[in-house]
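Using my numbering, you'd call the opening residue of the sequence shown number 11 and step up by one each time.
By construction, these hints were calculated from the structure, which means they are not laboratory data. Any given hint could turn out to be false.
[As the list claims (entries may be wrong)] Taking lysine-lysine and the DSSO-like style, the derived pairs with C-alpha atoms no more than 27 Å apart in a straight line are:
1) K139 / K65
2) K65 / K42
3) K139 / K42
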Amino acid sequence: MSQADHTPDREDAELVLDEINERAAEEALRLKEMADAHVTVVSKGPDSTLDAIRKILAMGGDRGIRICDDRLRGADVLTTANVLAAAVRTVEDVDLVLAGNATTDGQASAVPAVVADLLALPQLTHVRKLDVDVDVDAGRVRAERETDDGQTTLDAPLPALVGVTE
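My request is simple: use the sequences and hints to build the entire structure.
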């Protein structure tokens, strides 16, 4: 945390691809194999963010978009979501946006839901299991969310946003 302005200090931190966001990337790459999809990685952050993007590209991703602007240092949830939503809008023919529910530096767990709202997409958040039979041709996605009462099956029309958790 920056002492001067009380914002998260991400510039000096070594940002790596955390477990939850790596899982989102793995799900996207699995769908790529099944549905001949195109995977674009979008991330906002300092230079070290490039390592995470490069890792996903090495795993099979097709394109990477990194957003870096000194004015975004310490950005709050709404600003971060606005920036990420703007980047997603630059990608053609988006059927599904996959995101980690949280990051190791922010832990807000709200960014995917806000991005979905900004893009006017249905959202399936806190997903533990994405249905491997996502039927892009039928225009639907199904997922499972674990709750205190067991599991809930979520279903939404495409395009949609899915926020995965561990």
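>> For a C-alpha distance cap of 27 Å, please report whether K139 and K65 respect it.
In response: holds (23 Å)
> Are K65 and K42 close enough, with their CA atoms no more than 27 Å apart?
Replying inline: holds (16 Å)
> Is it true that the CA of K139 sits at most 27 Å from the CA of K42?
Replying inline: The given pair, whose Cα atoms are some 17 Å apart, holds under the 27 Å limit.
The structure is consistent with each of the numbered hints, conforming to all of them.
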